[in-house]
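Please build the complete structure, drawing on both the sequences and the hints.
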Amino acid sequence: MSVPVAPSVERRRRARDDGGPWPHLLLAWPTLALTLLFLIPLGTIAALGFFRRIQAGFFEVGFVTSNYARALDGFHLERLAVSVLLALAATLITLLVAVPFAYLLTRRPRRAQVPYLVLVLASLSLSEVIVAFAWSLMLSRTSGISNVLVMAGLMEAPASWSPGLWAVVLAFVFVALPLAILSLYPTFSRLDQELPEAAGTMGAAPLVGFVTVVLPLVRRAVAATAALVFIFVLGAYVIPQTLGRPAHWTIPVHITDQAIMKNHLPLAAALAIVLLVVSSLIAVAIVAIGAGRFDPSRSPRLAAPERAR
Amino acid sequence: MSTPRPDLTIQGLGKRFGATVALDGVDLRVPGGSLVCFVGPSGCGKTTLLRIIAGLETPSAGHVMLGERDLTRVPVHRRDVGMVFQSYALFPHLTVAENVAYGLRIRGVPKRQRLARAQELLELVKLPDVSTHRVAQLSGGMRQRVAMARALALDPALFLLDEPLSALDAKLREGMQVELRRLQRRVGITTIIVTHDQEEAMTMADLVVVMGDNRVQQVGPPLEIYRRPTNRFVAGFVGTNNFLPGRVMAADALEVAGVRASVAAGALVPALGSEVTVAIRPESLRLRAQAPATAALHGTVVFVRDLGRVVETRVRVLEHELIISGRGGFAEGDGVWVELPETGLVALAS
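Protein sequence lines correspond, in order, to chains A and B. Taken in order, the first sequence gives residues 1 to 309; the numbers are from the working numbering. Taken in order, the second sequence gives residues 1 to 350; the numbers are from the working numbering.
Source of the hints: derived by calculation from the structure; they are not laboratory data. Among these hints, one or two may not hold up.
[Stated by the list, open to error] Cβ-to-Cβ under 8 Å is the rule here; a few derived chain A residues that face chain B:
1) G200
2) V213
3) L217
Each residue gets a CB set at the ideal place from its N, CA and C atoms; glycine is no exception.
What follows is the structure, given as structure tokens:
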């Protein structure tokens with residue numbers, strides 16, 4: 001589908017080329033920063049994965065494939081699978097909360113949105129470490145939420161909910177939620193209020209209108225948010241370490257373990273590269289699905305309500 | 001239409017948004033099958049009233065009835081209304097045909113059937129060839145028609161349009177006014193159009209509802225609204241009017257700007273002796289070079305504007321400036337007599 005280009009857009013395009021040396025100079029700084037602070041360390045780490053470890057010491061320059069081989073052995077692949085599944089589950093739950101929240105929030109008058117946005121921003125400022133320890137306290141048997149429930153007569157005896165799988169997922173969702181809401185907010189704000197209303201006048205109940213009209217229009221933003229949350233959660237290591245049992249330890253926990261506890265930097269580097277490649281691939285896949293590139297039929301949304309009947 | 005369309009009745013309707021009153025004590029009856037225009041300045045509550053009828057807002061007081069059915073608490077998706085929004089609110093992710101067929105799809109009508117119906121409706125609005133286009137590829141006028149086709153797809157009990165023509169340029173708007181009216185006649189659907197353009201309301205509607213200050217000011221056929229406004233607001237909002245101070249002298253006589261004028265019997269509503277504002281349409285007044293036998297005011301021509309079909313002459317009478325439209329023939333500075341007609345003097349309580 002070719003979209004006619006408005007004259008103003010055409011003019012802007014031309015202006016971009018005629019800006020003299022300044023735009024290039026301005027772009028040089030981020031390029032330089034990216035090279036120095038991202039690409040060079042990344043290359044270093046990728047190379048480090050091939051270096052030889054020295055027992056009880058550090059490492060020496062060399063070329064061995066054993067680190068990458070170990071990073072891809074059965075144990076680490078299983079850890080990788082656990083990490084990805086945990087992150088995907090946390091991403092899904094985060095979206096299930098964040099999408100309706102962002103939608104309902106942006107339907108409110110501007111003034112009414114402010115306190116919620118302040119709260120969201122405030123919780124964004126909490127670091128992963130603080131969140132992990134706060135939840136480990138709140139989920140403990142001695143001083144946690146279960147004591148409050150016992151006092152309220154809702155439980156017989158206080159229970160310990162941490163460490164455990166759901167403690168990890170809960171904390172993941174907690175740290176990812178403000179990020180997801182703020183990432184969805186601009187798109188949802190721009191959504192024409194009259195679109196779901198129009199769906200309503202044509203017989204669509206609010207939820208049906210949301211699924212058939214709102215979701216298709218925000219799917220790119222939702223997919224981008226999903227990718228963001230996924231990468232963010234997959235990189236967390238304090239939460240699984242603090243709130244999870246060893247069975248829930250993710251690859252980042254093992255990277256930390258290898259790098260700091262076991263002094264095996266080359267293996268840590270190899271694990272980091274494997275994690276980077278896998279998480280990038282999944283994130284790209286999520287965004288591609290959001291853009292509709294993997295749609296089996298051209299408009300599956302049209303068929304959905306019929307199937308529901 | 002085989003079944004008679006039920007009347008829409010609105011009783012004691014009120015709406016508050018926090019401390020602000022948007023609608024106050026609205027009573028109204030829209031006859032089934034008619035075309036009604038809500039007209040008024042912006043902020044008068046006309047869109048709020050339409051949204052309450054559609055079910056998009058909940059009233060703070062009063063009832064909305066369609067025939068015997070109380071719609072007041074019925075949610076929008078069970079109301080059986082078709083609505084054209086000011087922004088058109090077409091779904092950008094669907095094709096034109098999918099937009100028109102959306103309501104049918106929600107009701108579970110099979111794809112082939114609903115697309116056939118969509119095509120039928122697109123033909124009704126004279127857009128048979130755009131069914132596979134995306135909304136973004138359409139012009140403003142085409143989007144407007146698609147929005148109408150979509151609103152009519154479910155053959156709703158009420159067809160509601162919120163400022164449907166305001167986004168179109170003047171020429172297209174005039175064409176669409178005629179087309180919309182003909183479409184409504186053909187379909188026979190009870191239609192409510194909200195507009196701030198009083199000319200649009202006068203040329204299209206069976207019944208005009210003039211709104212101002214969050215209430216209904218007057219309801220009536222266009223000509224009645226034009227000729228017999230019941231208050232100063234309506235007289236000033238609809239068309240051009242001259243206002244002069246007056247007093248009711250007898251059952252058939254007024255004093256206008258110090259001159260006694262007789263009026264048609266039965267035309268005077270305000271009580272004998274009361275101070276009134278007299279509204280006179282520019283085309284009811286006549287200019288004379290000599291003092292006529294009937295009641296007339298003397299003044300000086302201050303401005304002449306030739307509009308082609310008529311000449312608009314502005315005459316200063318005492319401290320008032322009157323607009324007279326007619327054949328003209330006078331120049332600025334001329335002393336003239338403005339003849340007061342026997343019919344066409346409307347006395348309004350001041």
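Hints, verified against the model:
no., hint, result
1, G200, "4 Å, holds"
2, V213, "6 Å, holds"
3, L217, "6 Å, holds"
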